[in-house]
Amino acid sequence: MTTQPFKVSIALFGATGDLSRRKLLPSIFHLFQEGSLKDDFALIAVGRRDITDDDFREVARKAISENDKLETLEGLELFLEHVHYVKLSITESDTYSSLKDKFEDIEGTLDTGGNRLFYLAMPPQYFTDITDNLRISGITETEGSKKLIIEKPFGKDYDSAYKLNEEISKSFKEHEIYRIDHYLGKEMVQNIEVIRFSNSLFEPLWNNHYVSNVQITSSESLGVLDRAEYYERSGAVRDMFQNHMLQVVSLLGMEPPVSLNSNDIREEKIKVLKSLRKVEEQDIRKYFVRGQYDEGVADGEYVRSYREEENVSENSNTPTFIAARLFIDNFRWAGVPFYVRTGKRMKNKETKIVVEFREVPMNLYYQNESDDLLAKNLLVIRIQPNESITLHLNVKDYAGEQDTKEIKMSYSVDPTDLSRTVDAYENLIYDCLSGDATNFTHYEELMNAWSFVDPVNAVWESELASFPNYRSGSNGPVKSSLLLSKDGFKWWDV
Numbered sequence: 001m002t003t004q005p006f007k008v009s010i011a012l013f014g015a016t017g018d019l020s021r022r023k024l025l026p027s028i029f030h031l032f033q034e035g036s037l038k039d040d041f042a043l044i045a046v047g048r049r050d051i052t053d054d055d056f057r058e059v060a061r062k063a064i065s066e067n068d069k070l071e072t073l074e075g076l077e078l079f080l081e082h083v084h085y086v087k088l089s090i091t092e093s094d095t096y097s098s099l100k101d102k103f104e105d106i107e108g109t110l111d112t113g114g115n116r117l118f119y120l121a122m123p124p125q126y127f128t129d130i131t132d133n134l135r136i137s138g139i140t141e142t143e144g145s146k147k148l149i150i151e152k153p154f155g156k157d158y159d160s161a162y163k164l165n166e167e168i169s170k171s172f173k174e175h176e177i178y179r180i181d182h183y184l185g186k187e188m189v190q191n192i193e194v195i196r197f198s199n200s201l202f203e204p205l206w207n208n209h210y211v212s213n214v215q216i217t218s219s220e221s222l223g224v225l226d227r228a229e230y231y232e233r234s235g236a237v238r239d240m241f242q243n244h245m246l247q248v249v250s251l252l253g254m255e256p257p258v259s260l261n262s263n264d265i266r267e268e269k270i271k272v273l274k275s276l277r278k279v280e281e282q283d284i285r286k287y288f289v290r291g292q293y294d295e296g297v298a299d300g301e302y303v304r305s306y307r308e309e310e311n312v313s314e315n316s317n318t319p320t321f322i323a324a325r326l327f328i329d330n331f332r333w334a335g336v337p338f339y340v341r342t343g344k345r346m347k348n349k350e351t352k353i354v355v356e357f358r359e360v361p362m363n364l365y366y367q368n369e370s371d372d373l374l375a376k377n378l379l380v381i382r383i384q385p386n387e388s389i390t391l392h393l394n395v396k397d398y399a400g401e402q403d404t405k406e407i408k409m410s411y412s413v414d415p416t417d418l419s420r421t422v423d424a425y426e427n428l429i430y431d432c433l434s435g436d437a438t439n440f441t442h443y444e445e446l447m448n449a450w451s452f453v454d455p456v457n458a459v460w461e462s463e464l465a466s467f468p469n470y471r472s473g474s475n476g477p478v479k480s481s482l483l484l485s486k487d488g489f490k491w492w493d494v
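The sequence shown begins at 1 in the working numbering and counts up by one.
Keep in mind the hints are simulated off the structure, nothing from the lab. Note that the coordinates shown come from a computational prediction; the quantities given were computed from them, not determined experimentally. C-beta atoms are modelled at their ideal positions from N, C-alpha and C, and glycine is treated no differently. Misleading hints may appear alongside valid ones.
List time: in silico PhoX-like cross-link candidates among lysine-lysine, alpha-carbon distance up to 20 Å [to be verified]:
#, residue 1, residue 2
1, Lys405, Lys286
2, Lys490, Lys479
3, Lys405, Lys376
Derived DEER-like restraints, expressed as beta-carbon distance ranges [unchecked claim]:
#, residue 1, residue 2, range
4, Gly75, Arg22, 32 to 40 Å
5, Val478, Lys69, 47 to 55 Å
6, Lys170, Asp264, 23 to 31 Å
7, Arg285, Ser198, 34 to 42 Å
8, Lys286, Gly113, 50 to 58 Å
9, Lys173, Glu58, 48 to 56 Å
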């Protein structure tokens with residue numbers, strides 16, 4: 001990251017919320033520690049509570065001090081001098097005068113260049129109120145730049161996302177809107193492009209001639225915890241599949257961009273989302289599997305079923321698991337299935353990509369039916385935990401004349417090689433300050449994802465499922481394995 005500090009005032013809405021305390025405040029502080037934010041920087045915490053600057057500074061001090069990723073708290077007191085608090089009512093435009101006054105006071109003291117960043121760490125039902133009132137109060141009128149970061153979910157379907165964007169666009173232009181997807185801030189997700197486009201070993205093989213299937217897994221051993229009210233409205237499809245998972249699919253499936261410019265990369269990702277094979281209503285069951293966790297043992301402890309969680313309906317039809325069999329109908333990927341699964345209360349907490357390559361045309365080492373088949377060639381990209389890249393190959397087994405054995409060539413991120421693993425949110429805030437929108441979701445990406453997902457939600461929400469259908473601590477519903485087995489494949493446990 002650059003040592004040239006950004007000149008900016010950041011207004012953080014929802015500053016006392018869980019996301020701000022766990023992720024955003026520590027990330028902004030570390031950018032300050034690293035020199036990306038320095039003298040001409042201010043953080044304005046925005047909230048409903050009737051507290052003072054000093055009161056909020058204590059909130060920030062506690063949140064930052066409790067963050068286990070920070071190696072040192074050096075510079076914390078100096079950072080807190082740049083922190084301010086403003087009380088306002090989100091839905092009442094006349095209360096925004098206090099925020100406008102604070103911006104003007106800061107810009108009269110610090111050389112921020114009038115650059116303003118608005119981070120909405122808030123539920124989406126408040127997005128339009130905030131952006132409208134920022135415009136009405138004149139806060140978006142500035143001599144510098146103005147940028148808006150918003151958290152998912154961005155709408156609940158195509159129509160609501162369209163309407164929401166129409167409202168926000170009254171106050172911010174598309175190039176000023178940064179729709180954050182923290183998955184895109186993860187180092188190993190960003191590494192996908194580097195692995196593909198900087199290695200002649202892989203890119204010539206990255207097509208239907210050499211790849212038999214691609215698998216993407218994002219599983220959690222935890223349940224919904226205290227997010228049940230939100231989860232009842234979203235489920236696994238809206239919470240994970242429509243955004244995180246389809247973003248990874250687009251990175252794996254995209255054509256090489258003309259350049260690393262954010263517009264060029266987004267253009268190729270959009271092409272992938274447009275090429276996803278649309279599934280007719282009668283075929284949903286052939287391509288998608290939904291699930292909901294039952295009681296069981298997860299992380300060594302007995303846990304209750306989803307329907308027994310607090311704030312969950314006893315007859316809930318909300319899926320906590322989705323598996324999908326996707327096809328990208330273009331020249332590169334025709335006929336290659338992309339299998340995607342994500343769920344809660346599963347056996348392991350992990351996010352990984354497995355690219356399975358086709359077998360050699362003729363196996364010279366398979367002499368008769370008693371011989372073992374060659375092990376599959378796999379490329380495994382592990383995003384979390386323990387970021388790593390592993391290539392599975394066959395070599396001669398010195399114990400036999402013509403026998404083979406599987407070896408694994410692996411690279412893993414060694415914590416001792418890094419002073420600190422940068423948090424995804426820190427990466428993305430830095431990118432936004434830099435004006436780099438590569439790892440943020442463009443409006444067209446968003447709408448193409450909703451267009452693909454909406455028919456699935458429509459069918460599932462109109463039909464009652466036989467829930468629960470997988471034990472906590474398992475790998476999900478049995479039917480999710482059948483998605484692959486009918487094609488002659490299996491989920492790789494690697």
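Hints, verified against the model:
1. Lys405 <-> Lys286: 36 Å, violated
2. Lys490 <-> Lys479: Distance of about 12 Å is within 20 Å: holds.
3. Lys405 <-> Lys376: Holds, at about 11 Å.
4. Gly75 <-> Arg22: 32 to 40 Å: 20 Å, violated
5. Val478 <-> Lys69: 47 to 55 Å: Given range 47 to 55 Å: violated, Cβ gap about 38 Å.
6. Lys170 <-> Asp264: 23 to 31 Å: Once the Cβ atoms are compared, 28 Å apart, the range 23 to 31 Å for aspartate 264 and lysine 170 holds.
7. Arg285 <-> Ser198: 34 to 42 Å: Once the Cβ atoms are compared, 40 Å apart, the range 34 to 42 Å for serine 198 and arginine 285 holds.
8. Lys286 <-> Gly113: 50 to 58 Å: Given about 55 Å between the Cβ atoms, the range holds.
9. Lys173 <-> Glu58: 48 to 56 Å: Check failed, 37 Å falls outside 48 to 56 Å.
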